[in-house]
Amino acid sequence: MLGREDEASYLNLVDLRNKLDEASGYLLAPRDPILGVTTAYLADTHPSKINVGVGAYRNDEGKPVVLECVREAEKWIGGRELMEYLPMGGSARFCELAVGLAYGEDTQVLKDKRVASIQALSGTGVVRLFAEFMKRFQPEAEAYLPLPTWSNHHNVFRDANVNQHTYRYYLASTRGLDFEGLKEDLKSAPNRSVILLHACAHNPTGVDPTPEQWKELSKLFKEKEHFPLFDMAYQGFASGDTQRDNQAIRIFLEDGHQLACAQSFAKSMGLYGQRIGCISIVCAEATEAATVKSQLEYIARPMYSSPPVHGSLLVTSILTDSDLKQLWFKEVKEMADRIIGMRVALRKNLEELGSKHSWEHITQQIGMFCYKTVNGGGAQEHMEGVARSSVALDVGAVRDSYGYLTESAWCY
Amino acid sequence: MAVATDASRFHAVPMAPPDPILGVSEAFRADTSDLKLNLGVGAYRTEDLQPYVLNVVKKAEKLMLEKGENKEYLPIEGLAAFNKATAELLLGADNPVIKEGRIATVQGLSGTGSLRLAAAFIQRYLPGVKVLISSPTWGNHKNILNDAGVPWSEYRYFDPKTVGLDFDGMLADMKDAPNGSIILLHGCAHNPTGIDPTTEQWDIIADVIQEKEHIAFFDVAYQGFASGSLDEDANSVRRFAARGMELFVAQSYSKNLGLYAERIGATNVITTSPELALRIKSQLKRLARPMYSNPPVHGARIVANVVGDPALFDEWRAEMQLMAGRIKQVRQKLYDELVAKDKSGKDWSFILKQIGMFSFTGLSQSQSENMTNKWHVYMTKDGRISLAGLSSAKCGYLADAIIDSYYNVQ
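So the sequence lines, in the order shown, correspond to chains A and B. Per the numbering used here, the first sequence starts with residue 1, numbered consecutively. Per the numbering used here, the second sequence starts with residue 1, numbered consecutively.
Just chain A, same shape as in the assembly (with noise of 0.2 Å):
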């Protein structure tokens, strides 16, 4: 069970490898754990070879997808006359379509014109950004960030040089969420911590807060003055509605938080090589919003100048034309829907085998990943591309593999 005293070797872990690296000169860096299993399942020649490491979604042929409103866009802006430096804070038209769909089009927020928001390079770069922007104007502030998330967070905060911690977050004996523990761990933090929160589909484990303990978290936020930073990678792509899959980000909102969103468009739109996102943050009154998107630009300027124009034509092409926008929303809940449709065919499966574990959790859970399903030593030799860091399951996988998938998960 990851508790509290796992924090601790984790995060040193993680500062060993970088004090070896120092100590030794320039050491081989360790391969990524996350793309790295991309890298040997490519290497691979294995002929049932099965990638459930990166989450990057496969078609029923183990394909990668490039969507039809995607294609569709890409002939529009094809062999387009302008290709010129965007400003340092990308596409205004690109953001403000992001963070409609991200916060809900008629939010006050929005109409009151104190959303500071600047486009940037998919979700790492976005909360690299706020990283950077948190370390500059509230350097007394620290980062809590779930138990477990995706990997590369904890590398982006610590190359920011802010300060971050963990909280409980994921309760092994039920696969589910560890609330009350999650609950205390933000209430001893020190008042007004910057908070990570993965808005849907929470990466690695599948484990999302019901509304109601949302609703709870929020109240929390507002005793603690607690700042939340939503991560937002698999809006629409978690239950197939992206206005449900945003709805911890409108309660916050409707509560009156400040609050910070990092959207990327990889998974949901299909844009994983665009690197294409948003980041936004809910600021006091609209001209604070442009002081707060000043400093975002200065820090994008010395890291990038200005982002990469290809994805927010595309993003902004499939939402401002009605019918490609539509198409997004249906092809987006096929996905999703094809996602819950593995899982339930996996436990399905697994259950059928006479498996006597519970393998209720794969269905509980939401989004791409499957939580624990597998322990990291055994499945590695039996499963290519399971990720090393956390056990996570990309339930993207090809059903023809579902037999040799399932039979290895359930052998441990």
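A few of these clues could be false.
[As the list claims (entries may be wrong)] In silico DSS-like cross-links for lysine-lysine, where the CA-CA straight-line distance does not exceed 30 Å:
no.: 1; chain 1: B; residue 1: K381; chain 2: B; residue 2: K328
no.: 2; chain 1: A; residue 1: K63; chain 2: B; residue 2: K67
no.: 3; chain 1: B; residue 1: K381; chain 2: B; residue 2: K353
no.: 4; chain 1: A; residue 1: K325; chain 2: B; residue 2: K381
no.: 5; chain 1: A; residue 1: K113; chain 2: A; residue 2: K224
no.: 6; chain 1: B; residue 1: K58; chain 2: A; residue 2: K63
no.: 7; chain 1: A; residue 1: K325; chain 2: B; residue 2: K67
no.: 8; chain 1: B; residue 1: K99; chain 2: B; residue 2: K142
no.: 9; chain 1: A; residue 1: K75; chain 2: B; residue 2: K59
no.: 10; chain 1: A; residue 1: K325; chain 2: B; residue 2: K58
no.: 11; chain 1: A; residue 1: K135; chain 2: B; residue 2: K142
no.: 12; chain 1: B; residue 1: K374; chain 2: B; residue 2: K161
no.: 13; chain 1: B; residue 1: K346; chain 2: B; residue 2: K36
no.: 14; chain 1: B; residue 1: K341; chain 2: A; residue 2: K75
no.: 15; chain 1: B; residue 1: K36; chain 2: B; residue 2: K341
no.: 16; chain 1: B; residue 1: K67; chain 2: A; residue 2: K75
no.: 17; chain 1: A; residue 1: K75; chain 2: B; residue 2: K84
no.: 18; chain 1: A; residue 1: K219; chain 2: A; residue 2: K187
no.: 19; chain 1: A; residue 1: K113; chain 2: A; residue 2: K219
no.: 20; chain 1: A; residue 1: K325; chain 2: B; residue 2: K343
no.: 21; chain 1: A; residue 1: K75; chain 2: A; residue 2: K330
no.: 22; chain 1: B; residue 1: K212; chain 2: B; residue 2: K99
no.: 23; chain 1: B; residue 1: K130; chain 2: A; residue 2: K75
no.: 24; chain 1: B; residue 1: K328; chain 2: B; residue 2: K374
no.: 25; chain 1: A; residue 1: K333; chain 2: B; residue 2: K67
no.: 26; chain 1: B; residue 1: K59; chain 2: B; residue 2: K36
no.: 27; chain 1: B; residue 1: K328; chain 2: B; residue 2: K353
no.: 28; chain 1: B; residue 1: K161; chain 2: B; residue 2: K343
no.: 29; chain 1: B; residue 1: K161; chain 2: A; residue 2: K330
no.: 30; chain 1: A; residue 1: K135; chain 2: B; residue 2: K130
no.: 31; chain 1: A; residue 1: K63; chain 2: B; residue 2: K99
no.: 32; chain 1: B; residue 1: K67; chain 2: A; residue 2: K330
no.: 33; chain 1: B; residue 1: K130; chain 2: B; residue 2: K381
no.: 34; chain 1: B; residue 1: K374; chain 2: B; residue 2: K346
no.: 35; chain 1: A; residue 1: K187; chain 2: A; residue 2: K222
no.: 36; chain 1: A; residue 1: K63; chain 2: B; residue 2: K84
no.: 37; chain 1: A; residue 1: K63; chain 2: B; residue 2: K59
no.: 38; chain 1: A; residue 1: K135; chain 2: A; residue 2: K113
Simulated from the structure, these hints should not be mistaken for laboratory data.
Keeping the supplied structure of chain A fixed, place chain B upon it in accordance with the hints.
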């Protein structure tokens, strides 16, 4: 419900200063005068002052559309075909450095991102080592070094008296620096001055760098765009590499392929062994992962497609010559106009001697402001004008503006 302003977490956040370069374009857009001229940011314009998408880029994009490639994550180090192409463009495919595998190449977010990644590497693995930057240099260099936590100082470069290179000052400052410092050099077409060392001067610079055990760090943003020849413009880097020196090189395809908004470039580290190159590459990746995870795919594919097809590659070379050619023409025209209109006999030939997109006019800040306020000519306050934004037709007007500002404004 609104949040009371002083209760906001952000009420103390000050407005960031406007970017001196990108801010110029914003001011230009806001100007309603018909006479306005944007000589601010270094983005190439045609004679009609329109942005230019290269034909080879349109063709490459068409090919890509037809291929219907997926949009999967690139590996952290970027597109392999691009990395191979970019290293070969820089050094020449037959270069022993490449053959021996002594180069670590990682796709980066154009020039800025590639510089930043190298700076982050320097901060981590050469802590405390100072980077020397030219005075003047591209404004964003110091921001990049500051944000990466790398100390820097300046070496003399521009001599206002000659409107040329202060070579003695440059060498003296490099010699004064502690051994093992890092010297940031512009591979060609120095930004903002347009003043490049001659081949002989490059050799002397390399001598000093070797004596002092410094590391050369090249910013190569204009390869092919300066002289029109990819090989000629890489001369400085290749001469240094031929000496077996360890080098950092940041590349950008913003100008030479017009891919500004795609953010495509590369960080290269040339070192002494392939094994070390491998280790260095792994650490560059480790720095990139918490910055943006993996780089954007579109621009990389365009470059790889253009360079990978001999016909497209030739066409690219021709288009680069065209772009570089237009700039040379415009320089000539501006010079001719200045000489014709300025009867004082002032030597304006520096305009012809400088190379690349930019010309350092020697105008002071207040003179540059006059250019904007009176003449609606938008430029940076350091006196830099981007010739890429100038048409032959406007050379006369610009000459008038320069002459007025130079003589009538203190």
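For which of the previously enumerated hints does the structure constitute a violation, in increasing order of number? 4, 8, 14, 20, 23, 26, 29, 31
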